[in-house]
Amino acid sequence: MKSVVVKTFGRALTPFILMYGIYLTLFGPISPGGGFQGGAVLASGVILVLVTHGKEEIERLSRHIQWFDSFGVFLFLIVGLIGIVIGRSFLVNLTPYRSATLILLDIVIALKVFAGLVALSIFFFEEGVERS
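Taking my numbering, I'd label the letters of the sequence shown as residues 1 to 132.
Do not take every clue at face value.
[Stated by the list, open to error] Here are the computed lysine to aspartate or glutamate pairs in the DMTMM-like style, where the Cα-Cα straight-line distance is at most 25 Å: (1) Lys7 - Glu126; (2) Lys2 - Glu59; (3) Lys7 - Glu127.
[Claimed, not checked] Just the calculated beta-carbon pair ranges, DEER-fashion: (4) Gly128 - Asn93: 43 to 51 Å; (5) Leu91 - Tyr23: 22 to 30 Å; (6) Leu120 - Pro29: 21 to 29 Å.
It should be emphasised that the hints constitute simulated quantities derived from the structure, not laboratory data. These numbers come from a predicted model, not from an experiment. Just so it is clear, CB atoms sit at the ideal spot from N, CA and C, and this is done for glycine as well.
With the sequences and hints as input, model every part of the structure.
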């Protein structure tokens with residue numbers, strides 16, 4: 001995208017979109033939101049950067065996004081298996097506080113949704129570049 005206005009507004013809005021995604025993720029257990037919603041909003045902030053900065057940003061990010069996707073699955077399994085290791089069940093609440101494990105799971109789910117949506121968007125952007 002070559003428009004100075006679009007790049008300027010994209011650069012100005014992205015931090016606020018990312019902060020809102022983090023807020024939705026962290027406060028999911030106690031308010032509307034959660035891992036899926038937070039991950040989708042985080043992905044929309046990164047997709048805005050991809051749209052405004054173009055092909056070079058897409059190529060740079062496409063090398064790293066698969067790592068985020070795999071890391072999200074790994075963390076989910078670790079949080080789940082900790083319960084089995086301590087002699088309880090899979091995905092058991094690990095603390096005396098009701099929502100502590102939920103916050104961990106929301107963060108992991110947000111990471112996974114973020115990586116999946118950004119990877120899907122990168123795929124679509126790359127397909128569009130190949131066809132044009």
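Hints, one by one, checked against the model:
A hinted pair counts as satisfied when its Cα atoms are at most 25 Å apart, and Lys7 with Glu126 qualifies at roughly 20 Å. Of the pairs offered as hints, the one joining Lys2 and Glu59 holds, with about 17 Å between alpha carbons and a cut-off of 25 Å not exceeded. As the CA atoms of Lys7 and Glu127 are separated by approximately 22 Å, the hinted pair is consistent with the 25 Å bound. For the pair Gly128 and Asn93, the supplied restraint of 43 to 51 Å holds, since their beta-carbon distance comes to about 45 Å.
About 24 Å separates the C-beta atoms of Leu91 and Tyr23, a value consistent with the hinted range of 22 to 30 Å. For Leu120 and Pro29, the Cβ-Cβ distance of about 27 Å falls inside the hinted range of 21 to 29 Å, so the restraint holds.
Checked against the numbered hints above, the structure breaks none of them.
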